[in-house]
Structures are given as C-alpha cells and as structure tokens.
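S.K.: Input sequences plus hints: build the corresponding full structure.
Chain order of the listed sequences is W and D. Here full-length UniProt numbering is used: the first residue of the first sequence is 1, the next is one more, and so on. Here full-length UniProt numbering is used: the first residue of the second sequence is 1, the next is one more, and so on.
By construction, these hints were calculated from the structure, which means they are not laboratory data. We put the beta carbon where it would ideally sit given N, CA and C, even for glycine. Treat each hint with caution, since some may be false.
If you want a taste of the chain W side facing chain D, the calculated C-beta under 10 angstroms gives, among others [as the list claims (entries may be wrong)]:
| hint | residue |
| --- | --- |
| 1 | A144 |
| 2 | Q164 |
| 3 | V262 |
| 4 | P270 |
| 5 | V356 |
Computed footprint of chain D on chain W, listed as stretches where at least three residues anywhere in the stretch have a Cβ under 8 angstroms from a Cβ of chain D [what the hints assert, rightly or not]:
| hint | region |
| --- | --- |
| 6 | 55 to 66 |
| 7 | 96 to 110 |
| 8 | 175 to 186 |
| 9 | 204 to 210 |
| 10 | 239 to 253 |
| 11 | 333 to 347 |
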Amino acid sequence: MDLYEHQARELFEEHGIVVPRAEVTDSPKKAREIARRLGGRVVVKAQVRTGGRGKAGGVKLAADPAAAELTARQMLGMDIKGHTVGTVMLARPVDIEEEFYVSYVLDRAAGRFLAIASAEGGMDIEEVAATRPEAVARVPVDPAEGVTPATASRIAEAAGLPPQTVDVLVRLWEVLVREDALLVEVNPLVRTRDGRITALDGKVTLDDNASFRRTRRGAGHETPQDPLEAAAAAKGLTYVKLDGEVGIIGNGAGLVMATLDVVAGCGARPANFLDIGGGASAQVMADGLSVILSDPSVRSVLVNVFGGITACDAVADGIVRALDTVRLTKPLVVRLDGNNAARGRAVLDAHAHPLVEQVPTMDGAASRAAHLATTP
Amino acid sequence: MAIHLTKESRVLVQGMTGGEGMKHTRRMLAAGTNVVGGVNPRKAGRNADFDDRRVPVFGSVAEGMDATGADVTVVFVPPAFARPAVTEAADAGIGLAVVITEGIPVHDSVAFVEHARRRGTRVIGPNCPGLISPGQSNAGIIPADITTPGRIGLVSKSGTLTYQLMHELRDTGFSTCVGIGGDPVVGTTHIDCLAAFQEDPDTDLIVLIGEIGGDAEERAAAYVRDHVTKPVVGYIAGFTAPEGRTMGHAGAIVSGSSGTARAKKEALEAAGVRVGDTPTETARQVLAVLNAGG
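M.R.: If you want it as structure tokens, here you go:
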C-alpha cells in the first residue's frame, strides 16, 4: 500500500534522513497555529495518495498564519484525481540550491531492486528519462550485498550527485529493507543554501504481504475509503469496487479477471472484482454475496466457479446457505464447472430459487448476466 | 518427456505434516507422483500415512535427499518460513523447488530466488499452483483428474485459468502445465518455459496465459518471435482492470500506462501469437491450430 507523504516523511526521519519540520492537520484553525509554530511562512501540501498534486493545486506557499488557514480551508475536501483531501501537511520552506531524484524500485524482470537516480530532480522524472535517458542512472542492487557506502558511492557517481548524498542513499536503502517497502522515492532530494541534504517530498509503497512482521505501525491496516471495500476487507475478502452493474464472484484471481473481461465483452460493465479463493466455504460465499447485493448499482450477479481444489458441490451448498441468510433481490446467474460440477448443479436445481439460474458455460453465463443487468 | 517434471522425479514435501501439506500430498500420491519424503525438523524419523502409502519425514532437505535421491521439493510452509525453507533446499543442492506458499514478502522472494539461482536450483513460484506432467507426476496443487496426457505445453501466471484451459482441452491433453505464479518476483518465467517447451520433443504447441502487471508477456513475445518455432496460442486476463488497483494477485496491477492487458495482447500478436478473447475461444484456437497440422 502507498503511504501518505507525511507517513513517508516520518519513516525517513526515523532512519536519520533529514526532512523539513512539518505537522499534519485536518482543521484550518489548527493550520494557523501550526504555521505560527513553524515560523509563519509555510508550504501547505494536500495529503493524497496520488502524484501530480502540484499541478492540481494541492501544494501552495502561504506567507503567514492567516494565509495558511485560508489555504488549508480551500484545500481540505478538495478532489485530486478522485482522491478527497482529508488532511494537509504544513512544512517549513527551505532554500533550495540544487534538486535531485533518487529511488529504489523493484525490477520485476531482473527479480531484484534497482537504484534510479538523477542530478535533475524536482521536475517530471519520467520526462527526463524519456527525453534524455543518459541523465538518469539505473544501478541494479545485489540482493545479497544491499547498498553499502561503496555501492551508494557508485550510484551517486553514476547519477552525478554530490558526495554528501551517499549517506542518504544508504539510509534510504535501510528504509526499503527494514520497512519491507516495494518502492521508496525522494523527489526532490535537495541541497539547501546552507549545504544540507534534505528530503523535500517522498513516496513509499509498503508490501502488504509483510504486514505480519510490521508490528509498530498502524499504516498497514488502514480501512479503505469505500464503504463496500471496507465491509469486504472486514470479512477478509479479496474485493475491488468497480463502477458497473454486474456483480461478479469467482474463484482464483485469474479466472475472476477473465470473467470481468468476458462480461465487458458482452456489453455490460463489471461492478466489482471478488475472489472467494480456493476451497471457499459457505460462509465466504454468503459474505461475498451480501457485500455485492448491498451495492445499489448491481443489477445482476454472476457466480463463475471452476472447481479445481474447490469442489462445486461445496460452492452450491454455500450459495444455498447464503440464500437463507441473504435476501436475494437481484437475479443470480451461476456457472459451475470442474470438480464435482454435476453434484453442484443438482444442489442448485433442487433448491429451485426463482431468481437463480444456471448456465453451463462461462461465456454463456457472462452473456446472460450482462443481458439481465442491461435490460430494463 | 515433459519439462522439469517427469515420472522419474523424486519429490520431497516441505511442510508435508501441516494441514495443506497433508491434503495435497495425498492428492499428489493419487496422481502418481513419486513422493519420497516430507521435511519437518521437529518430526524427523516419523512417518506420515496416506491411505496405502507410508511416507518418511526427514529433519532436513539434505537428509531427505541423501536417503531417497530426491530431486524436487514442493514447499507448503507458511510465508514467514518460506525464505529459510527455499534457502535450505538450494543449499542442499536440489534441482527444483516448487513454492506453493502465497503471501510471501517480496524482499524474501528476491532473496531466495537469487540464492537459488547461484546454487543452480530452479524455483517455480512462489504463490503458484505448481506444475503437472499429466500421467507422470504432479508437484503442487493442480487437480490431476481434469486432464489427460497429450502434446500441449502450458505456462500461466494464474492457477484457475490453468485449470480452465486444462479442462477445455482435456481430450487433447498436455505434456506439462506450469503455473509460474502471480507475484511480482517469480523464479521461473514464461520465457524459461517457452525455451523448455521449444526443446521438448513431446510438445507440439504452447499455450501462454498472462495477465496485467509488469512486462513479462511483452518479453515473452519478443522471445517467441526470435526463438520459438512451435505454434503459440495466448490469452491475457485483466482488460477491465482499473489503474492502480491490485487485482487479486500481488503482481497484477496496472501502473500508469504500463502493464495493461492491451499492450500485452498487441505484443504477442505482433510476434505471431494467436490470442483468444476468452478462455473458451483460446481453447478453440488451440484445436484449430492442431487440426490444421500446426
């Protein structure tokens, strides 16, 4: 998961990387107090998990505490690329002498991490990389060795960064490894007029799979903003809300993704991605159905299960039991195939719910669910 | 012959005595897999009973290899123990480690994949269903009873899409089906499998299943263009996936303009790969190519 800038900033600080003094608030009044504490003149930065804040009006300089309050009031509640601004960070401005770019990213192809650094930070690094690739250094990091001062010197040299940045490069690697991050990025990393190397803005993506060994921070366990996603997360379901009208439940990430695509190919839009996983129980099925049925934009539901480890009769039992606990108000199209499919189909036939129908193929079921969702 | 896994393969199971390990070891044995031992340091010297088969438990992979000549290990241990488990297997010099465990932190995968590479151990997975050479051996959790031996090779990031295609093409059958896993870092890639299938005299046609995220399919497409002379039929999942959301698999995420299903499909088609719009259509294309004599 992506951290907010202020959370990334805290991590940097804990690992000894210099950051400007700053505080976070959700209240314009408090913004005024914070600005006063920080010396009057502050940068107000909207806290949203998306890039391009500056261009969207999410980063502004305020000359005094009154201006800080006004700016915070304007910024809070603002929409930036679909993200509502819930908090703002106020930071003491720094006098910038030079701007750099540094990051460690996962190189999926090589199966290792890669240092990316450039002496031309502050602007759109992707544009620099595209137009003048020679200005951006890409140095693979040996997983067994990590970033030692010697490695960091090589990175700094390759990118044309000053020697003072070597220490930051080592510490930033420590952030990546100790926090189980998939990405750490500082842009810009600046040299101030008084010669200090300071991280002015940062991005950190934590690895959700490592939350079991991440004990001290609540950041890995944040509730999603969308209420349906929050409900699904509370029940431990793998669920993504989309903006269509066909609710979709399936087993296995690949098959569910394929099901969304087939529904879209039939002229309807998927309302969600919901994977009940392998060996799904009746309870998981009921939980999944209740989340999907509580989405008012859903007009039909498609259950697409290919029984591998999962037995189709268990899924059918699950659907039947779900129908006892969840009141079905929308048509449910079911396709069962694979392990114990015949028995599963028989269970649903015997139950004979008027809103449940079975279609034997994936394409046929998708087409039927799409038709039901798009016909008035 | 099949790739990576044959009738001759002698299989250890790390984590065999756990719930998942017991369940799937029973299934592997039923599929004809030569499971020669389990590994659990706390239960070394005991046996585990599976219907009519008694399988010994060893204290380490090295002990198991010494006693049985094992050359494959299937890893079912929980995520926190996966890194030491694979490292141990690689240090013991095993040829193939199939890592079923899901939810392994990426830093751990990077570490054990690199370690295994240096020791000459092939890793399949993590977060994968394993691989099956129908009628010969099954290392992992792929259901053996939905298909038959045949001459199609399949490589896929997705378990359930593997099952779907195996089922639809059951009458034609497969040499080997490999689920490489949906994590951002995996030990064996599409390209590794394409190369092995190209060399395998028992494989006539290759099915390649991909999904959003990364650029593995684009790189596979370039490899097909330059090195594969056997027909390849592809399928890509995730056309409707929105940007920035992880779609079930840890690695299945569209970031900006990269990793989209469309880009992957176009790259495959440009390399001469036929790509189906649905799993069913993909299976039909496979049959059409085979019936046309390749």
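S.K.: Please go over all the hints and tell whether each is borne out by the structure.
M.R.: Status of the hints after comparison with the structure:
With 10 angstroms as the threshold, the beta carbon of W:A144 comes within range of chain D, its nearest partner Cβ sitting at about 6 angstroms, so the hint holds. The criterion of a C-beta within 10 angstroms of any C-beta in chain D is not met by W:Q164, whose closest approach is roughly 28 angstroms, and the hint is violated. A cut of 10 angstroms between beta carbons decides the hint on W:V262: the least distance to chain D is about 5 angstroms, and the hint holds. A distance limit of 10 angstroms between C-beta atoms decides the matter here; for W:P270 the minimum to chain D is near 6 angstroms, and the interface restraint holds.
A cut of 10 angstroms between beta carbons decides the hint on W:V356: the least distance to chain D is about 22 angstroms, and the hint is violated. Look at the region 55 to 66 of chain W against chain D: 0 of its residues bring a Cβ nearer than 8 angstroms to a Cβ of that chain, fewer than three, so the hint is violated. Coverage of a stretch by a chain is defined here by at least three residues with a beta carbon nearer than 8 angstroms to that chain's beta carbons; for the region 96 to 110 of chain W and chain D the count is 3, and the condition holds. Counting residues of the region 175 to 186 of chain W whose CB falls under 8 angstroms from any CB of chain D gives 3; the rule of at least 3 is met.
By the rule of at least three residues with a Cβ nearer than 8 angstroms to a Cβ of chain D, the coverage given for the region 204 to 210 of chain W holds, with 4 such residues. For the region 239 to 253 of chain W, the stated coverage by chain D holds: 6 residues have a C-beta nearer than 8 angstroms to a C-beta of that chain, and at least 3 were required. Coverage of the region 333 to 347 of chain W by chain D holds in this model, with 3 residues showing a Cβ closer than 8 angstroms to a Cβ of that chain against a need of three.
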